[in-house]
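Protein chains in written order, with my numbering: chain A, 1 to 178; chain B, 1 to 492.
A portion of the hints provided could be inaccurate.
With a straight-line cut-off of 30 angstroms between C-alpha atoms, the simulated DSSO-like cross-links for lysine-lysine are [claimed, not checked]:
{"#": "1", "chain 1": "B", "residue 1": "215", "chain 2": "A", "residue 2": "160"}
{"#": "2", "chain 1": "B", "residue 1": "457", "chain 2": "A", "residue 2": "173"}
{"#": "3", "chain 1": "A", "residue 1": "160", "chain 2": "B", "residue 2": "23"}
{"#": "4", "chain 1": "A", "residue 1": "23", "chain 2": "B", "residue 2": "215"}
{"#": "5", "chain 1": "B", "residue 1": "284", "chain 2": "B", "residue 2": "38"}
{"#": "6", "chain 1": "A", "residue 1": "23", "chain 2": "B", "residue 2": "457"}
{"#": "7", "chain 1": "A", "residue 1": "173", "chain 2": "B", "residue 2": "284"}
If you want a taste of the chain B side facing chain A, the calculated C-beta under 7 angstroms gives, among others [unchecked claim]:
{"#": "8", "residue": "21"}
{"#": "9", "residue": "25"}
{"#": "10", "residue": "26"}
{"#": "11", "residue": "157"}
{"#": "12", "residue": "158"}
{"#": "13", "residue": "162"}
{"#": "14", "residue": "168"}
{"#": "15", "residue": "195"}
{"#": "16", "residue": "196"}
{"#": "17", "residue": "199"}
{"#": "18", "residue": "234"}
{"#": "19", "residue": "241"}
{"#": "20", "residue": "411"}
{"#": "21", "residue": "441"}
{"#": "22", "residue": "460"}
Calculated from the structure, these hints are not laboratory results. Just so you know, these numbers come straight off a predicted model, no measurement behind them. Beta carbons: idealized from backbone N, C-alpha and C, even for Gly.
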Amino acid sequence: MSDTKYILGHFEHPDDLMDGIDKLQKSNVSIYDVYTPMPIHGIEAKLGVPPSRLPIVAFLCGITGTISGFSLLYYTLHKDWPMNIGGKPTLPFPDYVPVTFELTILFCALGMVAAFYFRSHLFPGRAPRVMDLRATNDRFIIAIDAKDNRDHEKIDSLLKDAGAVEVLYNERKYVSYE
Amino acid sequence: MSSHNESILREPLITGENITYSKVTEDILVPVENKPNKAWWIGFTMAALGALLWVFSVSYTFWTGIGAWGLNKTVGWAWDITDFVWWVGIGHAGTLISAVLLLFRQNWRNSINRSAEAMTIFAVICAATYVVAHMGRPWLAYWIFPLPNQFGSLWVNFNSPLVWDAFAISTYFTVSLVFWYTGLLPDIATVRDRASGLRRRIYSILSFGWTGNVKTWQRFEIVSLILAGISTPLVLSVHTIVSMDFATSVIPGWHTTIFPPYFVAGAIFSGFAMVQTLLLITRKVLNFENYITMFHIESMNVIIMVTGSIVGVAYLTELFIAWYSGSEYEMYAFANRVAGPYWWAYWSMMTCNVISPQLFWFKKIRTSIPISWALSIVVNIGMWFERFVIIVTSLHRDYIPSSWAMFYPTWTDVGIFIGSIGLFFTLFLLFLRFLPAIAMAEVKLLVHSASHQQKRKLIKEGHLKADQVEYYKESLTKYDSVSEEEINELAK
């Protein structure tokens with residue numbers, strides 16, 4: 001038991017997983033993380049995960065796009081090289097809308113997704129750090145830090161009570177490239 | 001997305017028996033994890049030959065110049081811009097399906113959004129090639145962007161819709177690509193964790209190290225929702241801007257204010273038709289009948305019918321306004337469209353786009369696979385004619401009768417068009433082979449809320465009254481993936 005790093009409770013159904021989280025929390029067992037093949041709603045509230053701040057990032061990036069877009073048009077068309085094209089004004093607001101709008105969207109999308117990848121440590125070629133290979137397929141997994149929670153038998157029985165189909169004692173944190 | 005509770009009376013989004021989370025994975029990854037079948041090879045060979053034709057025709061155009069096309073002094077824009085608008089229009093349905101339907105919480109999108117988004121990416125690639133090719137000197141294509149340059153500080157003209165187009169299309173492509181790829185990450189991770197050896201290494205690079213923990217899923221959903229929120233106005237703006245290429249000009253037949261909404265409706269119309277064309281084959285060849293069900297086909301047909309009707313109203317409005325404007329040039333342009341030398345193109349457009357989708361009012365037609373497939377192709381042909389009619393018939397007779405001319409395509413025009421279809425199908429078939437064609441993570445959300453299996457279980461447990469069971473039973477009769485026995489079993 002001493003070498004066990006993480007205890008993994010495998011569930012086949014999200015409802016059982018939620019039940020498992022409740023049971024563990026009632027017995028004051030801290031949960032390291034939960035891995036699922038699909039998003040489960042309500043789980044963040046249960047685990048006390050704060051809401052994501054990505055919408056704020058998206059808004060700020062969008063505003064940056066608007067300002068950059070407008071400044072680009074203003075500088076090139078009105079300030080740096082004003083041209084008389086068919087007698088049109090060099091500062092026509094309606095004509096500035098399309099490009100400003102597109103750049104708003106572009107900055108917002110790229111900025112937000114970059115922030116998402118950065119904060120979630122996702123980037124091309126990053127070694128996948130999966131605790132169990134089935135977590136991306138059909139298993140809903142609760143991971144418990146074995147060093148923080150010493151009473152492994154109790155955790156085992158709590159997980160099985162909640163309907164865990166399998167309880168694993170991992171000696172390594174990640175299994176991906178074993 | 002999973003917080004949603006389905007009414008038991010609603011038709012199932014997933015049919016079939018013994019559907020489990022792992023069965024979803026197994027079923028959807030069949031084409032990715034196994035050697036391709038004969039049908040794929042035949043399709044791929046044909047498509048690749050088409051793509052070769054495209055390479056040849058485009059290279060010939062670059063070598064000789066635009067003179068290789070059938071353009072003349074009067075008709076200075078013909079198949080190139082027709083094909084461009086056609087492809088961009090087709091691309092729109094993908095974003096519509098993934099963004100607008102996500103915002104409206106239409107769960108039936110989950111089974112079709114992945115391939116529709118892939119279709120968007122490939123269609124926009126095809127469209128972009130026309131923009132570059134029709135410039136004549138494609139190696140100077142970067143001049144469309146406002147870059148500091150060696151000619152002094154000479155900038156692009158931001159009053160021009162063609163410059164807006166460059167920004168719109170490139171933004172649209174980038175955002176669609178990011179949206180599509182981010183959505184793919186969880187599914188690529190599934191492929192990675194089931195693979196071994198070299199395939200695992202490749203998919204692990206592509207998966208960006210996705211693990212599926214709670215926080216990442218939370219962020220993933222926020223990102224999807226915001227991307228959907230910003231893609232919706234984006235997609236509307238792109239086709240609006242494409243229509244402004246024409247609408248801001250002074251050519252009779254082009255400068256009409258109805259163009260922006262009319263082009264957007266036409267884009268959705270042709271895009272859904274292309275999704276239908278592709279998915280009806282895909283579901284058959286890859287055995288996806290349980291995931292892409294008759295409900296999906298019918299829903300898409302309803303959208304085709306609605307947008308087809310909008311397009312029909314737009315055609316009639318154009319005619320009315322041409323008359324009501326009192327402008328003799330405008331009146332002539334439309335009279336010439338209807339009864340001039342291009343009458344056949346106009347009436348092909350009317351038949352394909354206005355009359356044929358009206359057949360979908362009949363449930364029998366709406367739920368018939370062969371007819372849906374045939375009509376989806378008819379709609380795509382009609383939409384090609386629509387752009388051809390708008391562009392060529394408005395140009396071929398201008399204010400001076402001495403410059404009137406007809407347009408005859410050369411083999412290069414035809415080669416580029418057929419070739420671009422080949423290119424599109426090559427990319428689509430490669431996509432089917434290497435990436436999951438259905439968003440597995442999203443379909444798994446539906447297993448315990450919207451599957452036939454779950455609803456049958458609820459009926460067995462007695463949660464439904466007899467007349468409701470009867471209603472549900474009747475709704476199942478149209479599914480080709482639900483057997484007679486399964487339906488009869490329900491009433492017991």
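Cross-check of the supplied hints:
For the proposed pair residue 215 of chain B and residue 160 of chain A, the alpha carbon gap of about 25 angstroms is at most 30 angstroms, so the pair holds. As the CA atoms of residue 457 of chain B and residue 173 of chain A are separated by approximately 39 angstroms, the hinted pair breaks the 30 angstroms bound. For the proposed pair residue 160 of chain A and residue 23 of chain B, the alpha carbon gap of about 24 angstroms is at most 30 angstroms, so the pair holds. The suggested pairing of residue 23 of chain A with residue 215 of chain B holds, with an alpha-carbon distance near 21 angstroms, which does not exceed 30 angstroms.
Pair hint residue 284 of chain B plus residue 38 of chain B holds up; C-alpha atoms about 14 angstroms apart against a cutoff of 30 angstroms. Our distance criterion of 30 angstroms between C-alpha atoms is met by residue 23 of chain A and residue 457 of chain B, whose separation comes to about 27 angstroms. A C-alpha spacing of about 43 angstroms is found between residue 173 of chain A and residue 284 of chain B, which places the hinted pair above 30 angstroms, so the restraint is violated. A cut of 7 angstroms between beta carbons decides the hint on residue 21 of chain B: the least distance to chain A is about 4 angstroms, and the hint holds.
About 5 angstroms separates the beta-carbon of residue 25 of chain B from the nearest beta-carbon of chain A, less than 7 angstroms, and the hint is met. The criterion of a C-beta within 7 angstroms of any C-beta in chain A is not met by residue 26 of chain B, whose closest approach is roughly 9 angstroms, and the hint is violated. Of the supplied interface hints, the one on residue 157 of chain B holds, with its beta-carbon coming within about 6 angstroms of a beta-carbon of chain A, less than 7 angstroms. Hint status for residue 158 of chain B: holds, given a least beta-carbon distance of 5 angstroms to chain A, under 7 angstroms.
A distance limit of 7 angstroms between C-beta atoms decides the matter here; for residue 162 of chain B the minimum to chain A is near 11 angstroms, and the interface restraint is violated. Checking residue 168 of chain B against chain A: minimum C-beta separation of about 5 angstroms stays under 7 angstroms; hint holds. A distance limit of 7 angstroms between C-beta atoms decides the matter here; for residue 195 of chain B the minimum to chain A is near 10 angstroms, and the interface restraint is violated. Below 7 angstroms, beta-carbon pairs count as interface contacts, and residue 196 of chain B has none with chain A, the closest being about 11 angstroms; its hint is therefore violated.
The beta carbon of residue 199 of chain B comes no nearer than 14 angstroms to any beta carbon in chain A, farther than 7 angstroms, and the hint placing it at the interface is violated. This hint holds: residue 234 of chain B has a C-beta 5 angstroms from the nearest C-beta of chain A, less than the 7 angstroms allowed. Because the smallest distance between the Cβ of residue 241 of chain B and any Cβ of chain A comes to about 6 angstroms, under 7 angstroms, the interface hint for this residue holds. Here the hint on residue 411 of chain B is broken, as its CB sits about 37 angstroms from the closest CB of chain A, past 7 angstroms.
For residue 441 of chain B, the interface hint holds, the least distance from its beta-carbon to any beta-carbon of chain A being 5 angstroms, beneath 7 angstroms. Because the closest C-beta pair between residue 460 of chain B and chain A is about 18 angstroms apart, greater than 7 angstroms, the hint is violated.
Checked against the numbered hints above, the structure breaks hints 2, 7, 10, 13, 15, 16, 17, 20 and 22 and satisfies the rest.
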